[in-house]
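**Student:** Place chain B on chain A using the hints.
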Amino acid sequence: MNLIVDIYAGASNGLREVWSNKVRTLLSMSGIILGVAALVAMVGIVQGMLGNMRASFERSGGVLRLEVYPREAPESQQHIAGISPGMTWRDIVAIEKAIPLADYVTPIVDMGWESFIANGRRERAMLHGVTPDLVGIKNRKLDYGRFIADSDVNAKSPVIVVGSYIADDLFRNIGNVVGQQLRVRRQVYTIIGQFEPTATGGFGRSRRGWNYEDRMNYIPATTAMSRYKGDDGVNRIEILASSVEAMPDLMSQINNTLTQTHRGIQDFEIRTQDEQMQELKKLENSFTYSLGGIAGISLIVGGIGIMNVMLASVSERIREIGVRKAIGARGHDIFIQFLAEAVVISILGGILGLIASVGLLTLAQDLIPKGENISNMPVTAMFYGFLFSSLIGLASGIYPAMRASRLDPIDALRYE
Amino acid sequence: MSDSCTVFELQDIRRTYQVGSELVHAIDGLDLQIQDREFIAVIGTSGSGKSTLMHTLGFMDSPTSGQMSFEGEDVSNIGRGTRARLRSTRIGFVFQSYNLLPKLSVLDNVLLPLIYGRQNSTNKRELGYSVLKRVGMEHRASHRPSQLSGGERQRVAIARSLVNKPRLILADEPTGNLDTKNRARIMDLFGSLLDEGITLALVTHDDVVAQYAQRRIRMQDGKIVDDDR
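Chains as they are written, first to last, in the numbering used here: chain A, 355 to 770; chain B, 132 to 360.
The shape of chain A in the complex, shown without the other chains (with noise of 0.2 Å):
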């Protein structure tokens, strides 16, 4: 009861205090200011980045999808490796064929990037060829026009669907580009389809490639192999399953299926999403761990900001600690009322960053791409950046508060 009233009292005293020295107060406390509003701020920044990477890995197919990447043949088959035609269009047709399980299977014939010409322009982008499926995977949805179909495809056509990159910087912006036609290595496409772009955010640029698959062109993929490749090579291949339950069963009848067209060479792997998991995951924590950390720092170099100012309060008020001790004060009131001194400059520190960081964070909004449904306010980060900085705050108040309690009121009040 008795402590509940010391409190009451130095936090009261505390806050008189900090009012009354509002510069001094302020310059102290702008070590934790700036530690909680960098550690929030910090945190909402990245959590958007990360949500935003997490939104673009659902987008592309998600756990449910698989991709199959050549490799070389194991030592056992090292003699007769040759006898397998490598991943090729018949390994797309086999798995259509006779696996159900797979949603969706297209080929990736990887162009890499290249130059896309049109009105004199010369904008640099990627390019891919394949099939109809791909819109299945990818799960895009178009502004205008259609993606590839089955008859591009058996007809190679010399058509292309675009990104938004390519649709408002090699076009200017003219919104609509479907019947348009660019060059590529010589070769004349006619725009069928035009991407929604993925990103969104800042400063009038929302249509700008900030995304990489803002930046991806597709042609049908026998159109890519017949114009540029010269055979039916394709570089990897993309399989959506149909459920979860379904992968281990799709993984072992893709590897029959690839077994049997690769006459027995196991020129090839399957690989899941699941790494892409973990290595999400990594990022996420080796983000958190090394910005918390970071943070932490900052917030002691405000704590020592505190204590600084804290001793200079004790040593400027010595007349002030003895007038107390004379009439009745005991060390631990002296104490409490320094320590409340401190806490009650670092909750204002917190709070300050707090308001800080959100003003930070809604200018960041503007600047950094956003995925769906991410808050950019990072509400487990504000907690625990107060909750630290008033730790700090109690922690750095300690010794000063007890160098105040300790002085001896006769020395204290000969004090000048």
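Any given hint might turn out to be false.
Footprint (simulated), chain B over chain A, 3 or more residues, beta carbon under 8 Å [unchecked claim]: (1) 363 to 372; (2) 671 to 677; (3) 682 to 689; (4) 760 to 770.
Each pair of labels, with its calculated beta carbon distance range [unchecked claim]: (5) B:Lys296 to A:Leu357: 22 to 30 Å; (6) B:Asn254 to A:Leu357: 18 to 26 Å; (7) B:Val155 to A:Gly650: 47 to 55 Å; (8) A:Thr734 to B:Lys255: 39 to 47 Å; (9) B:Lys354 to A:Ile358: 44 to 52 Å; (10) A:Ile358 to B:Asp205: 32 to 40 Å; (11) A:Arg760 to B:Asp143: 27 to 35 Å; (12) A:Tyr753 to B:Asp326: 43 to 51 Å; (13) A:Trp373 to B:Asp143: 48 to 56 Å; (14) B:Lys264 to A:Tyr769: 32 to 40 Å; (15) B:Lys255 to A:Tyr753: 31 to 39 Å.
Simulated from the structure, these hints should not be mistaken for laboratory data.
Note that CB positions come from ideal geometry on N, CA and C, so glycine has one too.
**Tutor:** Frame of chain A, contents of chain B only:
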């Protein structure tokens, strides 16, 4: 030995300090009895030990040796906590430089001892106003000390020393910073406190001030050399 009329009883009190390699005898074998409602002036040159005596009587300091009792209780060897409690409940202090806290209002300054005395009086503010009225300062309750004159500040300081209804008020050169008119006012105020059952001890250089007291103790080299009743 000590009856109810004795406030303080000091026997062969010594207080020594170690200053460098030298031992300083600030009080060197002092015997003193202070009776209820006495008004004592302690006079002496600086270094005579009168300040140390005041600190000892005010429980700010403990004697190195000797017997000391307060209101019949032995207080020769009491701890810091007990001394703080006695300071906050039984003793009032008045200083030469007033020692009001500049950031608190006059009323809050007066109420300060009650916080540390832990009295459970519900009407603290009323009590504060009544002691301010007692010293004629109630109209200044919400002012800051810096807005008051020296004499007014000292009256507030006296109100502060009265608020916990002390047995003994100790004053260290209470008129040292005041002009003659204010000096007379403050000394009259002190004189009137005796009727309220308060015992007074003050340290002074000023013979005029000492004349207000009923008993004058002269100190020299840590001993009482003259006790004039």
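**Student:** Now, for every hint given, state plainly whether the structure supports it.
**Tutor:** How the hints compare with the structure:
1. 363 to 372: holds (count 3)
2. 671 to 677: That given contact holds, which follows from 4 residues of the region 671 to 677 of chain A lying within Cβ reach (below 8 Å) of chain B.
3. 682 to 689: Satisfied; 5 residues make the cut.
4. 760 to 770: That given contact holds, which follows from 3 residues of the region 760 to 770 of chain A lying within Cβ reach (below 8 Å) of chain B.
5. B:Lys296 to A:Leu357: 22 to 30 Å: Once the Cβ atoms are compared, 26 Å apart, the range 22 to 30 Å for A:Leu357 and B:Lys296 holds.
6. B:Asn254 to A:Leu357: 18 to 26 Å: 24 Å, holds
7. B:Val155 to A:Gly650: 47 to 55 Å: Roughly 51 Å apart at Cβ, these two residues keep to the hinted range, so it holds.
8. A:Thr734 to B:Lys255: 39 to 47 Å: 44 Å, holds
9. B:Lys354 to A:Ile358: 44 to 52 Å: Since the Cβ atoms of B:Lys354 and A:Ile358 sit about 49 Å apart, the hinted range of 44 to 52 Å holds.
10. A:Ile358 to B:Asp205: 32 to 40 Å: Holds, since A:Ile358 and B:Asp205 (Cβ atoms, about 34 Å apart) stay within the stated range.
11. A:Arg760 to B:Asp143: 27 to 35 Å: Since the Cβ atoms of A:Arg760 and B:Asp143 sit about 30 Å apart, the hinted range of 27 to 35 Å holds.
12. A:Tyr753 to B:Asp326: 43 to 51 Å: 49 Å, holds
13. A:Trp373 to B:Asp143: 48 to 56 Å: 51 Å Cβ-Cβ, so the 48 to 56 Å window holds.
14. B:Lys264 to A:Tyr769: 32 to 40 Å: 33 Å, holds
15. B:Lys255 to A:Tyr753: 31 to 39 Å: For B:Lys255 and A:Tyr753 the Cβ distance comes to about 33 Å; the hint holds.
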